[in-house]
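What follows is the residue order along each chain.
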Amino acid sequence: MNKTLIASIIAAGLSVSAGAAAEKIAIVGGKVHTMTSTGTLEKATILIEDDKIVKVGKDVTVSGEYRVIDATDKVVTPGLIGAFTSLGLVEVPSYGSGVDANASKAAISAAIDASYAITPDTSLRDITRIEGFTSVASAVSRTATIFKGQGAIVTLGNDDTPVTKARAFMVVDVSESGASASGGSRAALWVELRDALKQAQYAQNIRFTPQTEWHGLPVADVKALVPVVKGDMPLLVVAHRATDIRQVIALKEEFSSLNITLVGAAEGWRVADEIGKADFSVILNPESNLPYSFEQNASTLANAGRLNEAGVNVAIGMNTHNIRLATQNAGNAVANGLPHQAGLASLTSSVAKIYGLEDSHGSLKAGMTADVVVWSGDPLEVMHAPTNVIINGEEVKLESRQTKLRDRYLSLESDKPVQYTRP
Amino acid sequence: MINKTLNKALFTGVSLLALATLAGCGEAEKKDSKEQDALVEINKDPFPSTYKPLPTQTTLITNVTLLDGIGGQLEDASILLENGKIKAVGNDISAPEGVKVVDGEGKWVTPGIVDAHSHLGVYATPDAHAHSDGNEMTKPVTAAVWAEHSIWPQDPGFRRALAGGVTSLQILPGSANLVGGRSVTVKNLPNRTMQDMKFPDAPYGLKMACGENPKRVYGKKGGPMTRMGNVAGYRQAWIEAQAYKEQWDKYYDEYDAGKNPKAPKRDLAKDTLAGVLDGDILVHMHCYRADEMVVMIDVMKEFDYQITSFQHGVEAYKIADKLAENNICSAMWADWWGFKMEAYDGIRENIPMVEQANACAIVHSDSDQGIQRLNQEAAKALSDGRRAGIDISKAKAWTWLSANPAKSLGIFDKTGSLEVGKNADVVLWSADPFSTYAQAELVYIDGGLAFDRTNPESWAISDFELGQAGEGDHK
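Protein sequences, first through last, are from chains U and V.
full-length UniProt numbering numbers the first residue of the first sequence as 1 and each following residue consecutively.
full-length UniProt numbering numbers the first residue of the second sequence as 1 and each following residue consecutively.
Bound-form chain U, shown alone (with noise of 0.2 Å):
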């Protein structure tokens, strides 16, 4: 995207996720998992003009202009949606280097704002998106409060400005690990957060000055739950034991404009029926089934299969390098008990639902931005792989740092060093 453009989108107060392509792409004869009402339509057409989904369909003629892509005996998925990753705020965590997860030395909590972070020029772009997913979900990963802060949904697309949506929602720990922030027990951590929710109510209705009389908390973090407390920003609460997620029902009862999601959820099925009947949504990792600690005793492959049963909404994908790997955390969890189209949608239309983002994302139909991957066979499966991702309109190469890496050291066999070897 050029600077041009840039400027005159922001101008024009628009968002600036639009990719530059103006190409026209027909994608042919695939099975297209719609991921909407319409459901899977076979040998079916999908047409992109500039960086939306113009049609989506049985018998749609496709004119001259279009790049045709054919994806007979393929499958065609919405591009999926990391639902909860650090990505774009970490190259190499561990005694490494670019790392922006961290901010457990920071001043404040809740005001921590991870779009001001996030860069493209992360290698995880392209190793990210060319196994399909096309956006995700980023915030903080630790911090010295029970407040992750505030994440950003992420485009995985050529932009130089890849956030599309900063301020996008706000993490909350009340699990072991959120307790240990919070004093060290769970008997602190509630009162801590009723307490911050109950000052972000009082100051919905303040215009802060640095005149303004306000003893609370710092005003950046209070200022940052007011949307949670209206329910404008979705927050999303990691917690695993039934009993917390009680507790969490409990302050949706209390403060009901919450926009409320759980994460982790390790014991969510032993709610399930009260997590349906609170209307919350779910991100967690399916496959975690080991009592880590025992706030997860009774952790089970079962879990996404039985929330998905009590009408949850499940979304899965919780990892930054490999978030790619969701795919198959889908798979094991459709293996274990998620019908096949939850476990698609646990990637697609589950996550965007969560975020806000359903008009946008996470299925086909026309309107929709075009972020579209063409499988060799069904995704969830271990053994196939994308042969085609379109973002914004735009058709990304298959190739990553990795890729390269590959490319340089399939044959051992040269006469100069590595180096000079370029794929």
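What you were told as hints is all true, and nothing was included just to trick you.
According to the in silico footprint, chain U covers these stretches of chain V (three or more CB under 8 Å from chain U):
{"hint": "1", "segment": "121-130"}
{"hint": "2", "segment": "147-161"}
{"hint": "3", "segment": "345-356"}
{"hint": "4", "segment": "372-381"}
{"hint": "5", "segment": "436-443"}
{"hint": "6", "segment": "459-471"}
Think about it this way: if two alpha-carbon atoms lie no more than 20 Å apart in a straight line, the pair counts; the simulated EDC-like pairs of lysine to aspartate or glutamate are:
{"hint": "7", "chain 1": "V", "residue 1": "265", "chain 2": "V", "residue 2": "254"}
{"hint": "8", "chain 1": "V", "residue 1": "322", "chain 2": "U", "residue 2": "415"}
{"hint": "9", "chain 1": "V", "residue 1": "340", "chain 2": "U", "residue 2": "100"}
{"hint": "10", "chain 1": "V", "residue 1": "250", "chain 2": "V", "residue 2": "37"}
{"hint": "11", "chain 1": "U", "residue 1": "404", "chain 2": "V", "residue 2": "345"}
{"hint": "12", "chain 1": "U", "residue 1": "52", "chain 2": "U", "residue 2": "359"}
{"hint": "13", "chain 1": "U", "residue 1": "397", "chain 2": "U", "residue 2": "160"}
{"hint": "14", "chain 1": "V", "residue 1": "422", "chain 2": "V", "residue 2": "201"}
{"hint": "15", "chain 1": "V", "residue 1": "250", "chain 2": "V", "residue 2": "280"}
{"hint": "16", "chain 1": "V", "residue 1": "250", "chain 2": "V", "residue 2": "278"}
{"hint": "17", "chain 1": "V", "residue 1": "340", "chain 2": "U", "residue 2": "91"}
{"hint": "18", "chain 1": "V", "residue 1": "340", "chain 2": "U", "residue 2": "121"}
{"hint": "19", "chain 1": "V", "residue 1": "322", "chain 2": "U", "residue 2": "413"}
{"hint": "20", "chain 1": "V", "residue 1": "44", "chain 2": "V", "residue 2": "246"}
{"hint": "21", "chain 1": "U", "residue 1": "24", "chain 2": "U", "residue 2": "49"}
{"hint": "22", "chain 1": "V", "residue 1": "322", "chain 2": "V", "residue 2": "345"}
{"hint": "23", "chain 1": "U", "residue 1": "416", "chain 2": "V", "residue 2": "321"}
{"hint": "24", "chain 1": "U", "residue 1": "277", "chain 2": "U", "residue 2": "254"}
{"hint": "25", "chain 1": "V", "residue 1": "322", "chain 2": "V", "residue 2": "302"}
{"hint": "26", "chain 1": "U", "residue 1": "404", "chain 2": "V", "residue 2": "291"}
{"hint": "27", "chain 1": "V", "residue 1": "394", "chain 2": "V", "residue 2": "432"}
{"hint": "28", "chain 1": "U", "residue 1": "58", "chain 2": "U", "residue 2": "73"}
{"hint": "29", "chain 1": "U", "residue 1": "230", "chain 2": "U", "residue 2": "192"}
{"hint": "30", "chain 1": "V", "residue 1": "259", "chain 2": "V", "residue 2": "41"}
{"hint": "31", "chain 1": "V", "residue 1": "265", "chain 2": "V", "residue 2": "249"}
{"hint": "32", "chain 1": "V", "residue 1": "340", "chain 2": "V", "residue 2": "291"}
{"hint": "33", "chain 1": "V", "residue 1": "245", "chain 2": "V", "residue 2": "271"}
{"hint": "34", "chain 1": "V", "residue 1": "322", "chain 2": "U", "residue 2": "407"}
{"hint": "35", "chain 1": "U", "residue 1": "365", "chain 2": "U", "residue 2": "50"}
{"hint": "36", "chain 1": "U", "residue 1": "416", "chain 2": "V", "residue 2": "291"}
Taking beta-carbon pairs under 7 Å as the criterion, some of the chain U residues facing chain V (in silico):
{"hint": "37", "residue": "96"}
{"hint": "38", "residue": "287"}
{"hint": "39", "residue": "289"}
{"hint": "40", "residue": "290"}
Please keep in mind that the hints were generated in silico from the structure rather than gathered at the bench.
Here the structure is a predicted model, which means the values were calculated and not measured.
Where a beta carbon is used, it is the ideal one built from N, C-alpha and C, also for glycine.
Mind docking chain V on chain U? Use the hints.
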């Protein structure tokens, strides 16, 4: 030399009694026993296995697609398990009378998976600090410690791994130290004690570690704080081990010659290092970077020992030819990368590229999650390799999970393939195990049915999980 004979005997199952006879043979007349003190012998097996297989029932599994674990695939095959061993494999096996027949129509049979890299039991769940027993982070060379002394058999992770078709596994100390201590190979059949799990007659391993971990842990605790410091540490340890071994060799030689030498003072750490120099203990070295692995190959040559495997080998693909030349296995993940600098160049084709160079490739877990789905890890590596133009069959890919890890652990004469006479470590999969949706349905260890997915009442439950929320659930 007695020393070497003893070692060989221990690992080939010759009884100590027979050995004593052997050692004395032909020498009695030469020596005056009154002038010699009793020979000081080091007991190489002070914590002997008390493993007892499950009760068995002669079983014929029919109509399956069978991967034999050494590169072969049979269609419409049957396999007969009898008295804990594989009795027959093929297309025309008649069922003996009274045999239990399992119709495997549409299903697959493979050897049980052997995981060459696990910390189950030494980093047990719940992962409270109280269970952190895998790294003796008190000094950089802790060859004296043995992982088996940290194993908690009630780790719920063993049972999860069983549901993933894992029948044997090597449990290693962690990678904080240059020399981390002895590893042990166990059957995935936890009982009351770790001795109950120990794989009978399996050789010991020695865990060593390259790179970032030792220098990170000791950089501010007296060193090493650099990679060159690491290498100095290994070399110094081997120099001392050589001297120790020479003392003992000399002692045995002089004793054999009828003299009455004084036995050297025992040193637990050097016992283990000398065991490596004698070829009895197998070195498994945590190493990510290609250049560091090649430095270690030179150290190996300098001190005349063999590195059996590099563990993780994230950059093995860069030196696969050298690994093949030096007969060193690489135990690898399918796609882990980037969590630290030395893992930054991880690629998805690492395993197939090692295979392509005819080097020994192993899919390992190093994870209580990964160990539950090693078949999927092999499937990913296989398909990534194929997309890169490396043509590998599913049958060949299964060697990464069975024969190759079994060879690297010195147990391939007993398990790791579906060959007649081998231990009946066998998995019946609900479908092609290269599919995400396939699950281990029946898992046999030494012919005993250790896991039956179709019968929840029969599932093993660890002590820890008894009486807790989720007890006996679908895990």
